[in-house]
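Let the sequences and hints guide you as you build the complete structure.
Number of protein chains: 4
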Amino acid sequence: MTGRLQHFRSVLLVAALAGFCIAGAAAQPAPTSAGPPDPKLVEDLVAAGRILADHGLLDGWGHVSVRHNRDANRFLMSRGLSADLVTEKDILEFDLDSRPVDTHGLPMSALFTERYIHGEIYKMRPDVVAVVHTHAPSLIPFGVTKVPLKPMYHRSAFISFGIPVFEIRDRAGMTDMLIRNPTLGHDLAEVLGSHPAALMRGHGAVVTGPSLPRVVGRTIFLALNATLQAQAMSMGAPITFMEPEEARKIEEREGHGLARTWEGWKRKVMGK
Amino acid sequence: MTGRLQHFRSVLLVAALAGFCIAGAAAQPAPTSAGPPDPKLVEDLVAAGRILADHGLLDGWGHVSVRHNRDANRFLMSRGLSADLVTEKDILEFDLDSRPVDTHGLPMSALFTERYIHGEIYKMRPDVVAVVHTHAPSLIPFGVTKVPLKPMYHRSAFISFGIPVFEIRDRAGMTDMLIRNPTLGHDLAEVLGSHPAALMRGHGAVVTGPSLPRVVGRTIFLALNATLQAQAMSMGAPITFMEPEEARKIEEREGHGLARTWEGWKRKVMGK
Amino acid sequence: MTGRLQHFRSVLLVAALAGFCIAGAAAQPAPTSAGPPDPKLVEDLVAAGRILADHGLLDGWGHVSVRHNRDANRFLMSRGLSADLVTEKDILEFDLDSRPVDTHGLPMSALFTERYIHGEIYKMRPDVVAVVHTHAPSLIPFGVTKVPLKPMYHRSAFISFGIPVFEIRDRAGMTDMLIRNPTLGHDLAEVLGSHPAALMRGHGAVVTGPSLPRVVGRTIFLALNATLQAQAMSMGAPITFMEPEEARKIEEREGHGLARTWEGWKRKVMGK
Amino acid sequence: MTGRLQHFRSVLLVAALAGFCIAGAAAQPAPTSAGPPDPKLVEDLVAAGRILADHGLLDGWGHVSVRHNRDANRFLMSRGLSADLVTEKDILEFDLDSRPVDTHGLPMSALFTERYIHGEIYKMRPDVVAVVHTHAPSLIPFGVTKVPLKPMYHRSAFISFGIPVFEIRDRAGMTDMLIRNPTLGHDLAEVLGSHPAALMRGHGAVVTGPSLPRVVGRTIFLALNATLQAQAMSMGAPITFMEPEEARKIEEREGHGLARTWEGWKRKVMGK
Chain R
405 MTGRLQHFRS VLLVAALAGF CIAGAAAQPA PTSAGPPDPK LVEDLVAAGR
455 ILADHGLLDG WGHVSVRHNR DANRFLMSRG LSADLVTEKD ILEFDLDSRP
505 VDTHGLPMSA LFTERYIHGE IYKMRPDVVA VVHTHAPSLI PFGVTKVPLK
555 PMYHRSAFIS FGIPVFEIRD RAGMTDMLIR NPTLGHDLAE VLGSHPAALM
605 RGHGAVVTGP SLPRVVGRTI FLALNATLQA QAMSMGAPIT FMEPEEARKI
655 EEREGHGLAR TWEGWKRKVM GK
Chain D
405 MTGRLQHFRS VLLVAALAGF CIAGAAAQPA PTSAGPPDPK LVEDLVAAGR
455 ILADHGLLDG WGHVSVRHNR DANRFLMSRG LSADLVTEKD ILEFDLDSRP
505 VDTHGLPMSA LFTERYIHGE IYKMRPDVVA VVHTHAPSLI PFGVTKVPLK
555 PMYHRSAFIS FGIPVFEIRD RAGMTDMLIR NPTLGHDLAE VLGSHPAALM
605 RGHGAVVTGP SLPRVVGRTI FLALNATLQA QAMSMGAPIT FMEPEEARKI
655 EEREGHGLAR TWEGWKRKVM GK
Chain F
405 MTGRLQHFRS VLLVAALAGF CIAGAAAQPA PTSAGPPDPK LVEDLVAAGR
455 ILADHGLLDG WGHVSVRHNR DANRFLMSRG LSADLVTEKD ILEFDLDSRP
505 VDTHGLPMSA LFTERYIHGE IYKMRPDVVA VVHTHAPSLI PFGVTKVPLK
555 PMYHRSAFIS FGIPVFEIRD RAGMTDMLIR NPTLGHDLAE VLGSHPAALM
605 RGHGAVVTGP SLPRVVGRTI FLALNATLQA QAMSMGAPIT FMEPEEARKI
655 EEREGHGLAR TWEGWKRKVM GK
Chain B
405 MTGRLQHFRS VLLVAALAGF CIAGAAAQPA PTSAGPPDPK LVEDLVAAGR
455 ILADHGLLDG WGHVSVRHNR DANRFLMSRG LSADLVTEKD ILEFDLDSRP
505 VDTHGLPMSA LFTERYIHGE IYKMRPDVVA VVHTHAPSLI PFGVTKVPLK
555 PMYHRSAFIS FGIPVFEIRD RAGMTDMLIR NPTLGHDLAE VLGSHPAALM
605 RGHGAVVTGP SLPRVVGRTI FLALNATLQA QAMSMGAPIT FMEPEEARKI
655 EEREGHGLAR TWEGWKRKVM GK
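Chains as they are written, first to last, in the numbering used here: chain R, 405 to 676; chain D, 405 to 676; chain F, 405 to 676; chain B, 405 to 676.
A few of these clues could be false.
Said to hold, decoys possible - Below, in silico cross-link-like pairs of lysine-lysine (BS3-like), each with a Cα-Cα straight-line distance of 30 Å or less:
hint: 1; chain 1: R; residue 1: Lys527; chain 2: R; residue 2: Lys653
hint: 2; chain 1: D; residue 1: Lys670; chain 2: B; residue 2: Lys527
hint: 3; chain 1: F; residue 1: Lys550; chain 2: B; residue 2: Lys550
As the list claims (entries may be wrong) - The following residues of chain F were derived to be distant from chain R, with all beta-carbon distances above 10 Å:
hint: 4; residue: Thr436
hint: 5; residue: Glu447
hint: 6; residue: Val569
hint: 7; residue: Asn585
hint: 8; residue: His590
hint: 9; residue: Ala641
hint: 10; residue: Glu649
hint: 11; residue: Leu662
hint: 12; residue: Gly668
Everything labelled a hint here was simulated from the structure, so no lab data went into it. Where is the CB? At the ideal position from N, CA and C, for every residue including glycine.
This is the structure:
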């Protein structure tokens with residue numbers, strides 16, 4: 405009888421644990437949707453990814469997101485897919501814990517592993533409307549050396565506000581270098597602070613902006629400035645960088661505006 | 405009564421000021437047109453922009469202009485649009501104060517902000533028929549260092565005539581670095597002087613020529629020479645630059661002529 | 405009679421020698437086929453070559469192979485053809501001596517001369533499922549200098565396991581530098597040892613992997629790391645390379661997985 | 405009467421001079437044709453130009469020629485036209501003084517100015533079957549510095565035979581740097597001597613070969629070696645160049661053969 409009782413208690417325990425797990429899961433139901441986003445915003449999000457892919461700045465792993473137009477606590481990003489292959493139907497909604505509202509039947513493995521980059525930045529930076537995670541090759545050498553990126557080209561003026569380098573070892577020791585969870589996302593967001601972008605050592609960069617055109621432009625001109633700065637450095641002569649006041653004046657004009665170029669870029673990648 | 409008088413005088417003053425302003429605006433009516441330009445010239449202007457875009461030398465902001473064939477006091481340039489998207493219907497006429505003859509209903513914000521570059525150069529340089537403003541990446545490192553561009557490649561012979569660097573700080577202190585008004589355009593034209601081109605620190609360059617093919621060729625070979633010179637410098641051995649007399653002989657032959665290549669470039673960008 | 409006998413014996417000897425030669429040839433009949441390979445594997449092999457050609461990493465001579473899915477003693481590789489022109493019907497089966505099972509009527513000269521690279525590596529490395537031989541330009545400078553490739557970019561983590569340099573002179577003295585026979589293939593495989601890849605001085609590299617997507621990814625990121633390392637070196641500051649433990653963690657995750665990017669790459673090169 | 409006589413004598417003088425000029429022209433009738441060339445050779449010549457243009461090695465001015473298959477004293481080359489626009493009907497026949505057999509009604513200005521490069525090399529080098537004149541950018545830095553090109557990449561083995569630099573100043577002082585006449589062509593051919601190629605300071609290079617595929621391959625791998633050598637030099641470590649015996653063995657195999665790659669290159673540029 406003791407044996408049977410024990411058996412019974414074991415069964416109960418297992419059932420209880422299972423119940424707890426189910427309850428645990430139930431404690432985190434899928435977040436609610438903020439409702440359908442502005443179709444123009446979704447179209448721009450698709451375009452943003454394709455423009456960056458067209459510039460060689462997004463590969464199979466980089467991604468771009470935008471805050472939901474109806475709810476600052478939701479953001480939009482594609483499922484895990486090369487940016488140049490994304491269409492409107494691949495766009496999903498996430499809460500700021502980077503949990504999808506509805507995966508449309510996709511397994512969680514079909515999402516970008518590093519989606520936490522986006523959610524954690526949106527949490528800490530109410531001013532940020534759009535985020536890019538890029539592996540732009542020209543940025544890598546600056547991330548692995550102590551050479552600071554400095555603004556050298558007028559459209560890269562925002563670099564004047566400082567581009568910190570995120571060293572994942574300082575936060576988490578030996579890792580596989582991906583931002584695999586909210587904690588690492590939070591660490592990265594802390595290093596980013598109030599800056600427009602941060603390099604990630606041996607990995608790439610994260611870039612933020614107050615709109616999709618701005619974050620796309622910043623990504624393009626961050627990478628271009630890195631190329632130009634390396635070339636100027638190789639010439640062995642002192643470099644005249646931009647003065648902070650020059651940079652401030654340019655940023656006041658939204659990096660000189662991007663509306664015209666944005667329309668041009670978009671026409672090229674979205675077809676006729 | 406004094407109060408009423410004062411009020412009345414104030415009203416008069418406001419009215420007078422308003423009248424003055426209206427008169428001021430009326431004092432600058434839209435410039436008159438020189439009449440329809442040669443359709444071939446317009447076609448070549450469209451082609452020039454597309455050729456430079458195809459070479460990666462014009463982005464969403466660079467522009468090319470040409471003097472009107474009927475009137476040396478007018479020039480033609482597109483509305484604000486990426487050069488590779490421009491068609492004949494986007495070409496507008498400007499006077500040498502860079503005021504549009506007719507915006508075809510477009511707001512002034514739809515024009516290139518930096519159109520003053522063109523007007524002010526045409527004013528000071530009667531020999532100039534075409535002007536390019538480019539952000540060619542290879543030129544930026546030369547603009548921010550003290551390293552002078554020197555002619556190293558035969559088709560870049562015109563560099564022998566000198567390529568000054570325009571430092572906007574020397575003229576206007578802290579700015580957003582754009583040529584936003586006639587004064588800055590005039591300053592740039594003064595630094596350009598009688599040279600074929602000038603670099604603009606941290607911004608790009610302006611290139612001039614006696615025809616559209618020449619200015620397009622000069623822009624291409626200015627940028628190419630910069631790339632080649634940087635590469636040669638990195639090899640750490642003395643460089644044999646062109647002698648001024650070699651350069652002079654080449655320029656006498658119009659930079660070796662460009663008619664053949666111009667036709668080839670044009671065929672490629674204008675479709676069959 | 406002795407003369408006739410001698411003559412007779414000579415005839416016999418000649419016949420015997422001829423028979424021996426025939427038998428010798430007969431001792432090496434064409435290897436037997438392992439049967440038709442998985443069509444998906446053949447499609448992936450074609451795609452692998454086109455993806456690498458699309459990345460500028462295979463020219464008219466580079467090649468990619470994969471072990472046969474039915475028999476570890478057979479591998480599949482195209483006839484001698486530029487990778488971007490290969491279709492399924494160009495794929496041939498080889499044994500581990502790099503002898504074709506059936507040339508489909510092609511002369512031996514229509515095969516890749518350096519097919520021995522593949523067979524000899526498959527012999528010595530049971531863990532290897534796919535092999536690439538590339539002439540990637542960015543790798544050549546590392547092969548001709550004593551500068552070791554080190555992992556600088558997270559997706560190039562496998563470089564941490566060591567990339568030896570094969571100096572053909574050390575094995576065979578003065579040659580035309582091609583892996584023209586099994587002996588040279590064996591020599592190369594010995595230098596490769598258990599490493600994921602080896603550079604070949606003045607020639608290119610060989611890259612191995614446990615699958616076609618992995619070997620394609622490794623080839624792309626080996627070449628990219630070389631480009632980035634050279635750029636970082638030119639900046640003259642100390643470089644933070646990846647720690648072995650970081651690399652190990654990434655490789656445990658199969659180089660962060662390539663399934664998503666593989667599908668994207670494949671869609672692009674295989675048409676709609 | 406004296407006046408009339410003088411007038412008459414003047415008229416006679418003018419007539420005599422005109423007659424002399426006509427006679428002078430008549431003393432150099434157009435050379436005779438060797439007859440229609442092999443259509444396959446013409447097709448390959450068109451393909452050669454397009455392949456080099458596709459590799460960025462021929463612009464609007466570079467050119468490729470081949471000796472006529474019926475007569476070693478004639479060669480074939482296109483009229484002055486960007487290589488990527490040339491079709492079979494643009495191919496003209498020249499004698500070794502670089503005089504066209506028949507311009508098909510084109511003015512002499514429609515021919516390449518520098519055609520003398522080809523004729524003079526064919527005169528002095530009976531072994532040469534095909535000639536390329538290129539402005540390949542990667543070669544320019546080597547032409548203007550004292551840094552010798554050395555073979556670093558196996559397919560560039562022919563560099564081992566020496567690549568002299570033609571300094572036009574040493575022969576003709578100050579010029580416009582073009583090979584405008586037979587004398588300059590002869591000077592260049594003398595400096596070329598028995599070498600496979602020669603750099604032209606500040607201008608480009610001339611490359612020779614025993615066939616169109618070989619000269620195309622040599623042009624591609626000369627330019628590639630220059631790129632790779634500059635990159636290796638920038639790494640600051642000693643470089644292992646190819647040994648002369650390695651190079652000799654490779655050249656014995658016709659630079660490792662190009663037939664396969666030639667077919668691939670040709671398919672790409674000649675359409676389906």
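Tested hints:
1. Restraint check: the Cα-Cα separation between R/Lys527 and R/Lys653 comes to about 28 Å, which is no more than 30 Å; the hinted pair holds.
2. Restraint check for D/Lys670 and B/Lys527: not satisfied, since their Cα atoms lie roughly 37 Å apart, outside the 30 Å limit.
3. Of the supplied pair hints, the one linking F/Lys550 and B/Lys550 holds, its CA atoms being roughly 24 Å apart against a limit of 30 Å.
4. The Cβ of F/Thr436 sits about 40 Å from the closest Cβ of chain R, beyond the 10 Å cut-off, so the non-interface label holds.
5. Consistency note on F/Glu447: stated as away from chain R, and its beta-carbon is indeed over 10 Å from all of that chain's, at 19 Å minimum.
6. The claim that F/Val569 is not at the interface with chain R holds, since no C-beta of that chain comes within 10 Å of its own (minimum 23 Å).
7. For F/Asn585, the shortest C-beta to C-beta distance to chain R comes to about 39 Å, beyond the 10 Å cut-off, and the non-interface label holds.
8. Interface exclusion of F/His590 from chain R stands, the closest Cβ pair being 35 Å apart, more than 10 Å.
9. Against chain R, the non-interface label of F/Ala641 is violated: not every CB pair exceeds 10 Å, the least being about 4 Å.
10. Non-interface call for F/Glu649 relative to chain R: violated, since the shortest CB-CB distance, roughly 4 Å, does not exceed 10 Å.
11. At the 10 Å boundary, the C-beta of F/Leu662 falls inside the reach of chain R, the nearest C-beta of that chain being 8 Å off.
12. In this structure F/Gly668 is not separated from chain R by more than 10 Å, as the shortest Cβ-Cβ distance comes to only about 3 Å.
Checked against the numbered hints above, the structure violates hints 2, 9, 10, 11, 12; every other hint is satisfied.
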